[in-house]
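**Q** Each chain, letter by letter, is given below.
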Amino acid sequence: MAVETPLKGNIGDSIKRKEDDRFIRGKGNYLDDVVLPGMLHMAINRSPFAHAKIKSINTDAAQAVPGVVAVVTGELLAQHKLAWMPTLSGDTQAVLATDKVRFQGQEVACVIATDPYVARDAAGLIEVDYEVLKAVVTPQQALKSGAPLIRDEKEGQTNNHIYHWEAGDKAKTDEAFAKADKVVKLDTFYPRCHPSPLETCGIVADVNPATGHATLWMTSQAPHAHRTLFAIVAGLPEQNIRIISPDIGGGFGNKVPIYPGYVVATAASLLIGKPVKWVEDRSENLISTGFARDYYMSGELALRNDGRMLGLRVKMLSDNGAFYADAQPTKFRAGLFHIVTGSYDLPAAHVVTDGAYTNKAPGGVAYRCSFRVTEASYLIERLVESAALEMNMDPTEIRLKNFIQPEQFPYMSATGFEYDSGNYPRAMQLALDKLGYKELRKEQAEKRKKGELMGIGVASFTEVVGAGPGKHYDIAGLRMFDSAELRVHPTGKAILKLGVKSQGQGHETTFAQIVTEELGIPAADIEVQEGDTDNTPYGLGTYASRSTPVGGAATAMVSRKLRDKAKKIAAHLLEASEADIEFDHGKFFVRGSPSKSKTIQDVAFAAYTNLPDGLEAGLEGVTYYDPPNMTFPFGTYLVVVDIDRGTGQVKVRRMVAVDDCGVRINPMVVEGQIHGGLTEGFGIAFMELITFDEEGNCLGSNFTDYLLPTSWETPKFEMGETVTPSPHHPIGAKGVGESATVGSPAAFVNAVIDAVGHLGIRNIDMPVTSDKVWAALNEKGAAE
Amino acid sequence: MLPAPFEYHAPRSVDEALDLLDQFGDEGKVLAGGQSLIPLLKLRFASPGHLVDINTIKDLDFIEERDGTLRIGPLFRHKAAERSSLLASRYHVMADAAPQIADPIIRNRGTIAGSVAHADPSGDWGTVLLAMDADLILRSKKGTRTVKARDFFSGPFSTALEPTEILSEIRIPAAKPMTGGSYLKLERKVGDFATVAVAVHLVMDDGKVGSAGIGLTAVGPQNLKAEKAEASLKGARLDDAAIKQAAALAAEAADPKADHRGSVEYKRNVVRVFTERGLKRAYERARGGG
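One line per chain: the protein sequences are Z and E, in this order. Quick note on numbering: the first sequence equals residues -10 to 773 in the numbering used here. Quick note on numbering: the second sequence equals residues 144 to 433 in the numbering used here.
None of these hints come from the bench; they were simulated from the model. Note that the structure is a prediction, hence the values are computed from the model and not measured. Note that the Cβ used here is the ideal one computed from N, Cα and C, for glycine as well. Hints are supplied without guarantee of correctness; some may be wrong.
[As the list claims (entries may be wrong)] Footprint (simulated), chain Z over chain E, 3 or more residues, beta carbon under 8 Å:
1) 144 to 157
2) 299 to 308
3) 399 to 406
Just chain E, same shape as in the assembly (with noise of 0.2 Å):
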C-alpha cells in the first residue's frame, strides 16, 4: 500500500501551522493521529500535496474543567480518554465511547478532535459530543469561531470546518450533579466501524429529566442527534412508558442504510434497543450506581 508522493510540513506553533494551511488551501491537510488519513492516503482515495503534522507543536494535547467547561485539546488521544479518572468519574457517556474506539493500537494514537473533523458517519466522538451538546473552537488565519456540534457535522466526511482551519478545542458544558450517560456500541468484531450505537447523556433535576442529550452513530449521512426524542424526555419522569417513547422517537431519527452490516429495519431495531438499555444505564449512573 503505497501513497501518492506528498510534501510533509511540521510546523512548531499553530500560527505556522495555520499559515501553511492557509498558504496550501485545498491542498494541504491536517496530520493529527493519523489513524484514518494515513489509510487513505495508502489506499490512495486522498492524494492531497501537503501534510501539515501537527504533533511538533507543544501544549495541543489537554484535557481540563475550567470555568463550567470542559476543553479537550487537538491531540488529546483516545487512548488518554480511555484512561482519563475526570471521565470515568463525571463523564460516562465519554467514558465509555474511548475503549469502544477502534482498537488499541488505534487508540494509541488517534486523537478525538481528528476524529470528529474526519466526520465519517460511523465515526463514535461526533455522536458522543452531539449527545453533549458541545461547542466546537475552529481557528484559521481569519480568525477563531465558534459551532455548535449540531452545526458543525453536514454530511458524510462533510463539516463546517474550513481547509485553512484547526478544529483547536472541544468545549463541552461541566457536567451537573445527577448526570449519568452510556454509550452502546454494536461491531462486527473489535476495530470495525459501528454497525449502529447510541450515545446518551443525561442530566437528572429534581427527580426529573433535566436534559437528555441522544446520538446516533452510523444510521445516517453523518452522526445524527434524536432531537425528538431528547424533547420528549425534558422534564419527564423516567419511567418504563417515556424510555419505550423516546426510544422509538429516536428509531424514527435514525435514516440508515443496507448494507453488508443489516438491513435498515434491522438498524433501527438496534437503535430502539440501544436508546431504551442507554437511557436505563444513564439513569442509573445519574442516581449513583452502576
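Chain Z extracted, bound-state conformation (with noise of 0.2 Å):
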C-alpha cells in the first residue's frame, strides 16, 4: 500500500490552509478582540435626514450621563482643522457634519464613554435640530437644472457633477456605426450594493500623550497607505504611526476606505489621552460605509449581418453619493471601466462617463472588483446576449465568432489595455462540455411547446486585475507596486513579510507556497506576516485582486534573490564555483553529481555560520515589486434556470464555471476564491440590493431588509480550469480574488433572459427578484 506523503506545500499542492486552525478553534484576533487597559468606547450620532441644514446641536443630555466622558461635535473637529478629510478620489468629505447632513446615517457627533452601552444610549439624547431640504436620490435628478445643490459647501460646485471621462475613439466608432448591418442597444442599471463583510469594521486608536505615538489597531485591506494618509490628514508624523490591521473578517473592497469614525476615534484618544474603541453595527455599515456599482449603463454595439462585432459605444451615469469618495487609481475617474470590450475583438469603442453626487452613502468601492471591472463585465455580457437575440444566434456562437483568439494575445483593446494572454474559446469549449450544452438546448426547445419556461445563460468575462504598473496607476498618488521581505533562519526555517493584507484570501498559505517552490523550504516551515506597518515593508493593500499578481511575484523575487545568495553559499559548501551549481526543489549541487547535495536548510545554517569569505552574513531580503502589466483572467460561466410561471421565482438548477487564472498556486484556496466570488455574483443578481426611497431613506439598513445568500438558496457550483499563464508574472500566476463576482451576474441574468428572449423581453434589471420576472412574464400575456 503506498505511504502518502504529506505535501510539502509546491505551487500546485492542495495543502489545507495554515490560518483556518486558529479561526476554526476561535482563536483569531479580530478588532473586536483588542482590548486595552482603560480603554473608552465611541459610539455615533448619525442624520436620520438625507439633507437637512444643522441648526443647533445639544450635548448637553448627552454629557450629563454617568461614564460619558466626552461628546465630538464637527465644531470641536474644526477647531483641529479635522472637520473635513481629503477622499481616495481627490475630493473631500465631511468626518462629523458641520452645516449640513447629506446622507441618511452621516456621522454627526460621538460620544467616548467607559461603556460601549452608556455611548449608545448617551448618543441617542444628542439633540440636533435640523431643516430638513429636499433631497436628491438619483443621478438623473440631480443633473436636472434647479436640482437642489448637495455640494453648496464646495467653492465653484454650482450644480451636482462632479467628473466626465472618455477613453476610446469616438470618430473611429462612429464610423463603424455608419458601417454597420444592425445596432443593438441596451439599457441596464447596475444597482447600489454592499460588500457587507461579517465583520464590520472598527478601530482601537491608542495614542500616547507623553510620546506622541498613535497605535491604531484598524479594519484595513491597506494599513501601510493609510498610514501615509493619516500622516498627511492629521498632520502626524509618519514614524509615530503604527497601522495594525489584525486577523479580518471579509473586506471585499469595504475596507479599502478611511472612514470618519477611524479618525474621531484617533482624535478622541489623542485629545483624551486615552485607548478608544469603535466598533460599528451592522446597519452603520450598510447605511454608511463603502457601497457599490450605482452604475445607470447605455451600450450600443454596430454588427455586420453575420454577427461579427464591429464597434461599441458605451455612455455611463454614476451615482457616487454625497462625496466622491470612491476607491480607484487617480487618473481614472471611473475606474477601469473602460475594460468594457470585454473578450470580443472590438477594432473600435468609445466609453462616455458622468458622475453625480446624490444625498445618498459615498464612497463607491470596487465590492470584490479591480475597480469597476465588474460593471463593464456585465454590461458587454448582457449586450452581447442581446444582441445574439436580436440576430437570432446562439450566445455561444456569436461570441466564439468575437472573441480575441489566441494567437493575437498580447492584445490591444480599442480603449488601450494590453491583454498578457487568453485562449477564450478553450475555457468556453470546456464548460459547453461539462454543461452538455446541445442536449439542454433540446430540452430547452421542447419544454418551450409546453409553456414552459427554462434558460441557459452565457458569460464569457475578461478582468483585469493585479494593479500597477506604478507609472499608470497610483491610490492618492502611491504607486501601485507590493512588497515582500523574507529572513531564513539559522534553522532553515523562514518568515516572510509583505506588504498586502489578507482578508480571508489565505495569503498565509499560498504566500508561503511561493516560497516553497522557489527555495524548497516547506510551507508549514514558513511564518507569513502582513497588517503590522512597523513590522512589514511598505505596500499597497489587497485588493483588486492585486496580491498575488503584485504582492505574490515580489514574494517569488525576494526568493530568487536569495536563491543567488544560496548558491554562492553553496558552492563554497561544495568546494565548487558558483556557475557549476544547480538547485532543485530545495536541493543544491554540483552539475552532472546530484548524489552530493547540500540543502537549503544547510545553506541557511551556514549563512550564519561557515561563510565564504567576503559575503555578508545572514539569508535575508527584500523586494519591491512594480508589474510590467496587468494580468487578465477570464472565463466562461454557464448558468441553466427554471422559471415558475405563476410566481415568477427563478430556480438555478445548474452552474458551470470554468476559470483561468493562469498557474494555481493552491488549487483549493482558488475554488474555495471561486465559490465565495460565484455566491456573491449569485446574491447580486437575485437578491443584493441598498434602495432608497423619495425622501432618500435607505431601506436596506440591516439582513432583514438587505439580503445575502446562504448555503440554503445557493446553487452547487461545477467547475473547471484551463491554464493560459501570464507571460510576464513571475510565476505565470493571473489573481482570482474577483473573478467570480465579476462574471457571473451576467451568467446569471443571461439565463433568465435565454428563459424569456422569445416572449419578447430583453433586460430585467438586477437584482432578479420574482416578482419583476412575474411582471415582465405578464406584460407579455406569457404569466400564469
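Take each chain as given, in its own frame, and dock them per the hints.
**A** Here it is as C-alpha cells:
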C-alpha cells in the first residue's frame, strides 16, 4: 500500500490553509478582540435625514450621562482642522457634519464613554435641530437644472456634476457604426449593493500623550497606505504612527476607505489620552460605509449581418453619493470601467462616463471587483446576449465569432489595455462540454413547446487585475507596487513579511507556497506576516485581486534573490565554482553529480555559521515589485434556470464555472475563492440591493432587508479550469479573488433572459426578483 | 447593536411569571424563544423595562393529542415541530410550515406560541392556526380564557393578548381521517419573511369537502382567514372549477400592500396560484398520496 507523503506545499499542492487552525478554534484576533487597559468606547449619532441643515446641536443631556467622558461634534473637530478630510478620489468628505447633513446615516456627533452601552445610550440623547431640505436620490434628478445643490460648501461647485471622463476613439467608433448592418442597444442599471463583510469596520486608537505615538488597530485592507494618509491628514509624524490590521473578517473593498469613525476615535484618543474603541454595528456598516456599483449604463453594439462586431458605444452615469470617495487609481474617474470591450475583438470603442452627487452614502468601492470591472463585464455580456437574440444567433456562436483569438495576444484593446494572454474558445468549449450544452438546448426547445420556461445563460468575461504598473496606477499618488521581505533563519525556517493584507484570502498559505516552490523550504516552516506597518515592508494592500499578481510576484522575486545568495554559499560548502551549482527543489548540487548535495537548510545554517570570505552574513532580503502590466484572468460561466410562471420564481438548476487565472498556486484556495465569488455574484443577481425611498431613506439597513445568500439557496457549483499563464508574472499567476463576482451576475441574468427572450423580453434589472420576472411575463401575457 | 437597559427576570413557575407580568403591566414582556423580541431590543424598536423569561419554567415544552384535541405548549419550538412524526403523519399544514419558518438557527430557539403572540402579519404560524381553526388559551393572574384564532389577531403586531397574560396553550381539533394540508410560501431567500404564503387545511368527507381552512400570510394588516373561499368549498366536490373559484375568492380576500417584495397585483396573483396548488396538494394528501 502506498504511503501518502504529506504535501510540502509546492505550487499546485492543495495543502490545507495554515491560518484555519486558529479561525476554526475561535483563536483568531479580530478588531473587537483588541482590549486595552483603560480603553474607552465610542458611539456615533447619525443623521436621520438624507438632506438637512443643522441649526443647532445640544449635547447637554448626553454629557450628563454617568460614564460619558466626552462628546465630539464637528465644531470641535473644526477647531483642530479635522471636520473635513480628503477622499481617495481627490474630493473632500465631512468627518462630522458642521453645516448640513448630506445622506441618511451621516456622522454628526460622537460620544466617548467608559462602556459601549453607555456610549450608545448617550448618543441617542444628543439633540440635533434640523431643517429638512429636499433630497436628491438619483443621478438623473441630480443633474436636472434647479436640483438642490448638495455640495454647496465647495467653492466653484454650482451643480451636482462630479466628473466627465472618456476612453477610446469617438471618430473611429462613429465610422464603425456608420458601416454597421445592425445596431443593438441595451439600457441597464447595475444597482447599488454593499460588500457587507461579516466583520464590520472598527478601530482601537491608542495615542500615547507622552510620546505622541499612535498605535491604531484598524480593519484595513491597506494599512501602509492608510498610515501615510493619516500622517498627511492628521499632520502626525509618520514614524509615530503604527497601524496594525489584525485578522480581518472579510473586506471585499469595504475596508479600503478611511472612515470618519477612524478619524474621530484617533482624535479623541489624542485629546483624552486614553485608548478609544469604535466598532460599527451592522446597520451602520450598511448605511454609511463604502457601497458598490450604482451605475446606469447604456451600450450600443454595431454588427455586421454575420454577427461580427464592429464597434461599441457606451454611456455611463454613476451615482457617487454625497462625497466622491470612490477607491480607484487617480487618473481614472470611473475606475477601469473602460475594460468594457471584454473578451471581444472590437476594432473600435468609445466610452463616455459622468458622475453625480446624490444624497446617499459615499464611497463607491469595488465590491470584490477590480475598480469597476464588474459593471463593465456585466454590460458587455448582457449586451452580447441582446445581440444574439436580435440576430437570432446562439449566444455561444456570437461569442466564438468575436472572441480575441489565442494568437492575437498580447492584444491591444480599443480602449488602451494590453491583454497579456488568453484562450477564450478553449475555456468556453470546456464549459459547454461540462454542461452538456446541446442536450440542454434540446430540452429547452421541448419545454418551450409545453409552455415551460427554461433558460441557459452564458457569460465569457475578461478581468483586468493586479495594479500597477505604478507609472499608470496609483492610490492618492502612491504608486501601486508591492513588497515582500523574506528572512531565512539559521535552522532553515523562514518568515515572510508582506505589504499586502489578507482578509480571508489565504495569504498565509499561498505565499508560503511560492517560497516553497522557489527555495524548497516546506510551507509548514514558513511564517507569513502582514498588517503591522512597523514590521512589514511598505505596500499598497489587498484589493482589486492584486495580491498574487503583485505581492506574489514580489515573493517569488525575493526568494530568487535569496536563492542567488544561497548558491554562493552552496558553492563554498560543496567546494565548487558557483557557475557549476544547480538547484532543484530545495537541493544544491554540482552539475552532473546530484548525489552530493546541500539542502537549503544546510545552506541557511551556513549563512550564519560558515560563510565564504567576502560574503555578508545572513539570508534575508526584500523586494519591491512594480509589475510591467496588469494580468487578465478570464473564463466562461454557464447557468441553467427554470422559471415558475405563476410566481416568477427563478430556480438555478445548474452552474458551470470554468476559470483561467493562469497558474494556480493552491488549487483548493482558488476554488474556495471562486465559490465565494460565485455566491456573491448569485446574491447580487437575485437579491442584494441597497435602495432608497423618495426622501432618501435607506431601505436596506439590515440583513432582513439587505439579503445575502446562504448555503440554503446558493446553487451547487460545477467548476473547471484551463491554465493560460501570464507571460510577465514570475510564476505565471493572474489573481482570482474577484473573477467570479465579475463574471457571474451576467451569466445568471442572461439565463433568465434566455428563458423569456422569445417573448420579446430583453432586460430585467438586478436584483432579478420573482416579482419583476412575473411582471415582465404578465406584460407579455405569459404569466400563469 | 446594543439594546437599551432592561431588568431580567427568570421565574420558576407560571404563577410566578403571571405575578411579575401583573406587577409590570405595559412595561413587562414575555421572553420565550426571543427570535423576534431580541432583534427588536437590539434595534431599539422596543425597550420594555422588564423581560420575563419563561424558559426557566418546567413543562411548557409539549405537544400531545388528548381528548380529540392537539395541544401545544408555549415553549414548543419550530425545530421540534419540524421533527415531529405526529405532525408529519396527520397535520400536513403544520409539518409543511415548520421547515419554512425563518432559518435553522432561528428554528432551534423560536417557539410557535411566541410567533403567534408576536403577531407579525408576515408570520407563518398565525395563518396555519387560522386555517386549522385553533383555540388559544390565555392565562393571567385573574384567570384563564379561550379565544378563537380568528378573534385573536387585531392588526399588525396586535392581538387579544393583554400585557398581563401568557399564551399558555394552543388547541387544535384533532385530525380526522381524510385530512390533508399544505403550506406554500414564497420568500426571497431562506430566512426571509414571506412575500406571500397560503395555508390549506382540508378535511374530506365521503368524497366531498367536509371543511376547508384557508389562511393567508403577509397580504393584510394581520394573518387572514379566507372565509368566503372556505365557505365556497364546504360540501363541494373538489374539481378544477371549485378549486379555481376558491382560489379567486382567496385572492379577493387578500389585501396586500405594494412594497419591495412586489406589487398588489403580483401578491394577489401568488395568493391565487398558491391556493390552487395548495388545495390540489392537500387533496392528494387527504386521499393518502403525497
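**Q** Sort out which numbered hints this structure fails and list those numbers smallest first.
**A** Checked against the structure, the only hint that fails is number 2, while the rest are satisfied.
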